[in-house]
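Full structure from sequences and hints, please.
Chains as they are written, first to last, in the working numbering: chain E, -3 to 106; chain C, 10 to 126.
Label pairs and their computed distance ranges (CB to CB):
| id | chain 1 | residue 1 | chain 2 | residue 2 | range |
| --- | --- | --- | --- | --- | --- |
| 1 | C | Lys29 | E | Tyr92 | 21 to 31 Å |
| 2 | E | Arg56 | C | Glu61 | 34 to 44 Å |
| 3 | C | Lys73 | E | Thr21 | 23 to 33 Å |
| 4 | C | Asp74 | E | Gly11 | 48 to 58 Å |
| 5 | C | Thr40 | E | His67 | 29 to 39 Å |
| 6 | E | Arg105 | C | Gly62 | 47 to 57 Å |
| 7 | C | Gln51 | E | Gln76 | 17 to 27 Å |
| 8 | E | Lys63 | C | Ser24 | 40 to 50 Å |
| 9 | C | Ser24 | E | Asp74 | 41 to 51 Å |
Selected chain E positions facing chain C (in silico; Cβ < 8 Å):
| id | residue |
| --- | --- |
| 10 | Phe84 |
| 11 | Tyr92 |
| 12 | Lys93 |
| 13 | Leu94 |
| 14 | Phe96 |
| 15 | Gly97 |
| 16 | Ser98 |
| 17 | Gly99 |
No more than 20 Å apart at the CA atoms, straight line, and that leaves these computed lysine to aspartate or glutamate pairs for DMTMM-like:
| id | chain 1 | residue 1 | chain 2 | residue 2 |
| --- | --- | --- | --- | --- |
| 18 | E | Lys93 | E | Asp22 |
| 19 | C | Lys50 | E | Asp(-1) |
| 20 | E | Lys66 | E | Asp(-1) |
| 21 | C | Lys50 | E | Asp79 |
| 22 | C | Lys73 | C | Asp97 |
| 23 | E | Lys52 | E | Asp65 |
| 24 | E | Lys32 | E | Asp54 |
| 25 | C | Lys50 | E | Glu1 |
| 26 | E | Lys93 | C | Glu72 |
| 27 | E | Lys93 | C | Glu61 |
| 28 | C | Lys29 | C | Glu72 |
| 29 | C | Lys73 | C | Glu96 |
| 30 | E | Lys93 | C | Glu68 |
| 31 | C | Lys50 | E | Glu34 |
| 32 | C | Lys64 | C | Glu31 |
| 33 | C | Lys64 | C | Asp74 |
These are computed hints drawn from the structure, not numbers from a lab.
The beta-carbon is built from N, C-alpha and C at its ideal position, and this holds for glycine as well.
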Amino acid sequence: GEDVEQSLFLSVREGDSSVINCTYTDSSSTYLYWYKQEPGAGLQLLTYIFSNMDMKQDQRLTVLLNKKDKHLSLRIADTQTGDSAIYFCAESGSSYKLIFGSGTRLLVRP
Amino acid sequence: GAVVSQHPSRVICKSGTSVKIECRSLDFQATTMFWYRQFPKQSLMLMATSNEGSKATYEQGVEKDKFLINHASLTLSTLTVTSAHPEDSSFYICSARAEAGPNYGYTFGSGTRLTVV
Chain E
-3 GEDVEQSLFL SVREGDSSVI NCTYTDSSST YLYWYKQEPG AGLQLLTYIF SNMDMKQDQR
57 LTVLLNKKDK HLSLRIADTQ TGDSAIYFCA ESGSSYKLIF GSGTRLLVRP
Chain C
10 GAVVSQHPSR VICKSGTSVK IECRSLDFQA TTMFWYRQFP KQSLMLMATS NEGSKATYEQ
70 GVEKDKFLIN HASLTLSTLT VTSAHPEDSS FYICSARAEA GPNYGYTFGS GTRLTVV
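So, in structure tokens, the structure goes:
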């Protein structure tokens, strides 16, 4: 079945880069997504990547996709305290359902 | 951009009563809407998928008689938690999907915190 895994916690210093990793199992995934969730709030779409792309950059965010290894990463450059949140990767397969990873809690230390 | 409005944001109800949560797509037609449940410090668990005008498809382990979903129009889906019990207390989030146009993709509501006392 479909499964998405992430590391649970990441702590970085303000100004450093953050790299959040994700692995997935469904090779038919068309799009892969990164969402941000702040406490008590819904999900905010940060970025997404189409499965035939290797990399996508959007301002401070860089997404890398290794389709062979089914590995997705999100790099946040110049991490700020406002970036502290939970980050979810998600895949959408042929059923159009979004399957989420467990979420990575990012803590940015001043 | 696409906006999904979810109401209420927070509700406290007595055990045994029913609670209705609304999910509206404000500026696009949502062919499909999804309902998720999130426990504290955990991921989102898909409960059901609803398509306008048809019965919802529930994920394994989700009681369809407990969690009633109605998708009466292309802009509105409702989730009713019937005969709520304390174990139903959770954060419920809806998502709407547009199949085409500038709003293509998934947009999430801001969530509903349900507390059953």
